[in-house]
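Throw the hints in and build the complete structure from the sequences for me.
These are the residues of each chain, in order.
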Amino acid sequence: MSLFSRVLQRSVPELIRAACVLALVGLAFMVYSVLSPGALPVILAMSVGHGIGGLAVTFYIMAVILDARGRPPPDASEK
Amino acid sequence: MAAAAIAAAILITYLVRKPPLDFRVKLWLLMGLGIFPAVAAASSTVTGMQATTEREFCGSCHVMGAHYADTLDPKSQSLAARHSRNPYFGDHSCYVCHADYGMYGYAMTKAGGLRHVYYYHWGGYGEMTLEEAKQKIHLVKPYDNVNCRQCHTTTLHDWRRVPDHESLKTELESNRVSCASAGCHGYAHPFTKHGASAAKAHAERAREPPSPVRSKDRDR
Numbered sequence: 002m003s004l005f006s007r008v009l010q011r012s013v014p015e016l017i018r019a020a021c022v023l024a025l026v027g028l029a030f031m032v033y034s035v036l037s038p039g040a041l042p043v044i045l046a047m048s049v050g051h052g053i054g055g056l057a058v059t060f061y062i063m064a065v066i067l068d069a070r071g072r073p074p075p076d077a078s079e080k
Numbered sequence: 016m017a018a019a020a021i022a023a024a025i026l027i028t029y030l031v032r033k034p035p036l037d038f039r040v041k042l043w044l045l046m047g048l049g050i051f052p053a054v055a056a057a058s059s060t061v062t063g064m065q066a067t068t069e070r071e072f073c074g075s076c077h078v079m080g081a082h083y084a085d086t087l088d089p090k091s092q093s094l095a096a097r098h099s100r101n102p103y104f105g106d107h108s109c110y111v112c113h114a115d116y117g118m119y120g121y122a123m124t125k126a127g128g129l130r131h132v133y134y135y136h137w138g139g140y141g142e143m144t145l146e147e148a149k150q151k152i153h154l155v156k157p158y159d160n161v162n163c164r165q166c167h168t169t170t171l172h173d174w175r176r177v178p179d180h181e182s183l184k185t186e187l188e189s190n191r192v193s194c195a196s197a198g199c200h201g202y203a204h205p206f207t208k209h210g211a212s213a214a215k216a217h218a219e220r221a222r223e224p225p226s227p228v229r230s231k232d233r234d235r
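Line order of the protein sequences matches chains A and B.
The first sequence runs 2 to 80 under our numbering.
The second sequence runs 16 to 235 under our numbering.
It is worth saying that the hints were derived from the structure and are not from the lab.
Note that this is a predicted model, so its numbers are computed, not measured.
We put the CB at the ideal spot given by N, CA and C, even for glycine.
Keep in mind that the hints are not guaranteed to be accurate.
One-sided excerpt, in silico: chain B residues whose CB lies under 8 Å from chain A [unchecked claim]: (1) L44; (2) A55; (3) A56; (4) A66.
Chain B residues, not near chain A, derived (Cβ > 10 Å throughout) [stated by the list, open to error]: (5) D88; (6) A148; (7) V155; (8) E181; (9) E188.
And the structure:
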């Protein structure tokens, strides 16, 4: 099973939570590069930080699309 | 920073409260995951790129310590130090002189900077002593006179009346002779040159009283 398929198997709240955590990690890279503008922090912010942020947005968009397509809600424990 | 803080506040609030995913929450998440992080990413990129053009940033790697110290020395008469005292170069003197110019100059300069980072962390520069660095680290390609000519246009009378300039015009344009060479305007960083003549020239320049403008520098 591909990574994409595995991500699609996740429930909407799980995807949103993953997106939130990923975005926080990406933001941490960016903020660190501003506070400590050394070579590696700047490079990491502009590569890893932006990459993680992009992945977070992708997860969010996937979650919204899955939600809009009437995907059955996750089981009660998710709420 | 403010955008990152607002985005983080929205995301942490969502993670803690876990509200049902209605339209209002989706909009908030769009702000927290899309809009504010995009602003934070753009501003951190601009800030980071700006920081990489500062002299202090270049001097933050220990192998550039001698270069950095020389630019800060008010008595140094090296080409780099004299230019660093010029307010038009100032805190960005390394970048202004070493940046590539032209359509893709900025991108090419930053790509070259990535190579420096690679060499520093994985290519052995990081383990070098300062003395080793002064001996072993060199420009990857000959210094381009075009960089000098960004300011020194070489079209004014003061420049053209110097016989050496006129006789070497072709060589200067084709980079076969560097403006920053012994016998011309001197090495930019003479302490990295290890010939006896270079050391002597550097010592002589260091003894010279600083003059605000030399005749051969008035060639803009």
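Hints, one by one, checked against the model:
no.: 1; hint: L44; result: 6 Å, holds
no.: 2; hint: A55; result: 5 Å, holds
no.: 3; hint: A56; result: 6 Å, holds
no.: 4; hint: A66; result: 4 Å, holds
no.: 5; hint: D88; result: 24 Å, holds
no.: 6; hint: A148; result: 16 Å, holds
no.: 7; hint: V155; result: 17 Å, holds
no.: 8; hint: E181; result: 43 Å, holds
no.: 9; hint: E188; result: 34 Å, holds
Of the numbered hints stated above, none is contradicted by the structure.
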